[in-house]
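The task is to assemble the complex, starting from two chains supplied on their own in separate frames and drawing on the hints.
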Amino acid sequence: MPAHALLPAVNRLLKQVEETSGLPVAVAQQSDLSTLATLRPATPEHQAHVIAYRDADEASSYHVAFEAALLLRIVQVPPEQRVNLTEKREAREKVVAQVEKLFKGRLGLAQARQAGLRFYDGLMVQLRSMGPGLWADRWLFEQVPELRGLQAAVLQSQVQGNVPCLNAEVDKMSPADVVKASRAMNAAYAFQAAELVGIPPLAIPYQAAGFEALAKELIAITRAEPTTADPDREIVDGWAEKLGLSRWYVWKTP
Amino acid sequence: MEGTAFSIEEASFDASLLPEGSRTPGSEAFHRAVTDYFKKSYASMGGQLSVVFAAGRIEVAWEPAAPEAPAMATIGPLLQQRRFDEARPLLETLLQLQPEHPEALYNLGVLASEEGRLEEARLLLRRAVVANAPDAHAQANAQVALALAAMRLGDKAEARQALEAAIEVEPGNSFALRSLGSLLVIAGAYAAAVERFRQALKAAPDDLIATFNLAQALLELDPDEHRDEADRLLLRVIEAQPYGELANKAKDLRSSIARRDLRADQPDGLRQDAVSYCLQALRLFEGMDQQRFLAVLSEVGAVGQGGLQINEPGTSRSLKTLPGSWSDLALACLIHVGMKRLMPDEDSGLGIGAEYEEAVRLQSS
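Chains A and B, in that order, are what the protein sequence lines are. Take 1 as the starting number for the first sequence in the working numbering and just add one per residue. Take 1 as the starting number for the second sequence in the working numbering and just add one per residue.
Note that these hints are calculated values from the structure, not bench results. Among these hints, one or two may not hold up.
Calculated lysine to aspartate or glutamate pairs in the EDC-like style (CA-CA distance at most 16 Å, straight line) [unchecked claim]: (1) A:180 - B:9; (2) A:172 - B:9; (3) A:216 - A:241; (4) A:242 - A:212; (5) B:39 - B:59; (6) A:180 - B:14; (7) B:251 - B:231; (8) A:216 - A:195.
Here the structure is a predicted model, which means the values were calculated and not measured.
Pulled out of the complex, with its shape left as it was, chain B reads as follows (with noise of 0.2 Å):
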């Protein structure tokens, strides 16, 4: 309800509604069970009540209280719990009733970014940057948030620009300046990208998205002088986390650069080495059953899983299935040709199917 304002005359004040001896207007019984008729009456409401007499008028004024803010103290956990359609109506009434609240700002503004309602998103991370000002974390953190928001709405200007102003206002923020990194990239200035990638991981050590995309922009950048810092990159990213999307990205990768050295010596023809030991792997599987097959097969695998230095010069593992001893190369044919038999369809990704292809022919010849 709305405050209101009124005043009637004492006379016509309905004396019935006062204790008997307190209807004389004028009087001071009268003033107070007036006044105490007004705080009755409006008492359900709260706010503020004035009633004054005045040339025998009764002048009521009522306002309602201003509405309680709801404290980010109360929000801040739903947050965290993900508990945005409970969160959400909160922040909106604490916004209204503080326009310019900050965490308000960036937490709507965050959440209608994940909904997809970008545009919303981003004059709410706009203000959010403005009334996060005194704060350089929240500031950055509500600049990384607009920056994500401008690239989903596919500006990469903007979204530069906020990400640039965020590392301004704090220059170890590592998400920042990954985010950067990754914008850079995808503008192809992977010389920058790189710069940016390595300040993230100064600030952050163990970030390992950021040593992936580190990897990766090396590795677009000039494959042949970065080739091993960004295989180390990998390796740390597959032992921290051996299982995982980041995990099968990294091995990936890895399994390009193993294509790529392979073809390094012989970029035109087939190399011979390889060709060798994928005819040794047919002729060992041959004569094999199936029970054997598939226990050489998984203890290889495995082996394979932390990566293998296919190019690596003396290289030589045992195995528990197998006599003898074994380079990474040897291993890799020994994978690529046991993953034929069990799926003759599919390839490897270790880059020697055309070494396999002519050890087949060799074979049936």
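Here chain A stands alone, though its shape is the one from the complex (with noise of 0.2 Å):
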């Protein structure tokens, strides 16, 4: 799907991009990436912004425009403000001890310590994308009306995927602290989903699992006012802080 092949109203939001951060934004498919839609903000050595999509299907028009909505954000921070969430190595190595742990007998060592250290990466990455990527969420539902077809698609089938999570399987091989975080997370996303798809019932299981009252409160940080010149960073650490992650990372300037 070249870009010209975009929707009409995705073209104009990269346009703003465009606008707002002075720099072009180059859009491309490529099929082997391992999530739907990257994103690589302009550095000094590389002067554009580039958002990767796998699929060549409909869907990946909203794939791109979350991404420029996350662009968006980020050039509005001022060069010198951005920072990277960086691990931090006790807490990398404590999930490691727990899966070593979890796995006694049954894996060794260094296969134990990789599934550790996958499950650590794995809660940074979603603590980083997944509040900023409800408020992108939101945005786009507020202010490109004309993808709110694609983006009921695309949020019933992220919820529906998300869906397993809960189940019992997954706390016999995942750290505790792993898992109670990345399901309130993942509830967060399907209560918001709910709301802006029109379809409580999506939101169902994490109700029943007792996840409501934290995915509400996770859902206010993202659409509270910020109050500082990065307000992703703010939501990400307004979530560590209910999850009880604000010690596995840190903060560092790129």
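Following this line, the structure appears as structure tokens:
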């Protein structure tokens, strides 16, 4: 799906990003991506933002719009204040130790370590992306209503894909802290999706599992008026505090 | 919403969602309350819910109900009333749910053909032919519609194939027979076309289009041999439907027969009796006041509408506006001369233009 095949609303959004940042946005398909879309903001060495999407289908228009919305937030943070979420060794090693204990006798140490690192990294990616992502979904819902049809399909698909995280088997295979935090974030996603799409039953599994109150607190954080120049960092820190993950990472300038 | 399935530990279930007295995991009251909770939660979605308790876990599965296909009983009247914009989405939904629905394929194919989406029409109608195989009449109709779409695409080969297939399954399908006849005319196969038109009329004797088409094909085939039959057929069309496009076409074709008749005995020269009649008409109208002239022309024109046998000797008619008896050729000349007086630049189509010019020359010399 070349750029000219994107929906007009998405093209308008990309133009808005270019005008705000003063830099071009390149959009390209990359079929080997492990996620639906990725965003690479411009750097001093590479003076163009790049949005890559995986599948050449209609939904990719929404994924591109989603990344563009996130990019619009990022480019408005003064460059000298932009930071990256970076691992904290103690937290990482704690997860690894928990996994080694969980799989003792069933997995070799090296394999257990690898699994532990994946759990930790996965949770950090989820923490960094999901809160700002909720903001982006809501912003798109309000500012680009032409995408609501696509958005509804994407959100429902994501919610359905996340539901198995509640299954009891997951508790036996994952560190408790990681599972609980991940489920809470998925619950926030589900409750907001249910609201935007207008299908309350989307959130039933998480309500039944007791995540409603926490999910709504997380959602509220994404909707709060920012008080700093980096609203996404505020969301991530707010979520981390609610989820008991504040000491799991640090912010570092790139 | 798509179907969903998940499981949670009984101990993890948010007991605050349940009535007091039913919050102890594992108890019967708990199981009943949890089941009720999920039933209420998914009630608005319809569909099918399953809640199973096993080994301390709650296994929940929900599937949406299969969407109800819109019925042809609803769609049919919309099509009959030509409310195509309303019918189309229902047909499309029906086809999505039942991809080989015979009526949906046929009607969507016909709509697409009418709207100029011809390749789409052809694909749909090809499928309609297959889907309607159990019903000979429906299949024949699908074949005819396919033929029409193919014709519109310029694919005469597929059109002919489809029509022949329609006739094979339904030999008495007059529309297919007539359409095939028309296709054969285009191909110049007049004898075969005549045969098909005759078959069409046997199946539907009152089909005026087939009647006209047969007349036309007969004249193409051999105007001398089939002149009388063709003229009779055209007269039948005019009598059954005196006004309208078909009647006008029939009259035009009869006029061409008359012109041919007029030239039959004197292919290279003027017909002298027509020259005389034109001269007579010129002299008659010269001294006539406008009001009477228009009355005469109106009456003669009305008689002419029913057809004049200008080559038939001994024809004789009386008029209210003119004394005496008038042969059909004389009346034709009155019509031509009268028309030329009103509209000098127009032609009556009766094929006596040259005779009229000669009469004018004689009158002025």
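* Regarding the pair residue 216 of chain A and residue 241 of chain A, is the alpha-carbon distance no greater than 16 Å? -> OK: residue 216 of chain A and residue 241 of chain A at ~14 Å, within 16 Å.
* Do the alpha carbons of residue 251 of chain B and residue 231 of chain B lie within 16 Å of each other, as the hint requires? -> Since the Cα atoms of residue 251 of chain B and residue 231 of chain B sit roughly 10 Å apart, the hinted pair holds (cutoff 16 Å).
* Taken at face value, is the distance from the CA of residue 9 of chain B to the CA of residue 180 of chain A at most 16 Å? -> 13 Å, holds
* For the pair supplied as a hint, residue 216 of chain A and residue 195 of chain A, is the alpha-carbon distance within the 16 Å limit? -> 11 Å, holds
* To do: Mind checking the alpha carbons of residue 39 of chain B and residue 59 of chain B for me, to see if they're no more than 16 Å apart?
  => 13 Å, holds
* To do: Could you grab the alpha-carbon distance between residue 242 of chain A and residue 212 of chain A and see if it respects the 16 Å cut-off?
  => 13 Å, holds
* residue 180 of chain A and residue 14 of chain B: Cα distance at most 16 Å? -> Holds. Residue 180 of chain A to residue 14 of chain B sits at ~14 Å (cutoff 16 Å).
* **Hinted pair residue 172 of chain A and residue 9 of chain B, Cα distance within 16 Å** => Given that 16 Å is the threshold and the Cα spacing comes to 12 Å, the pair holds.
Consistency with the previously given hints is maintained throughout, with no hint failing.
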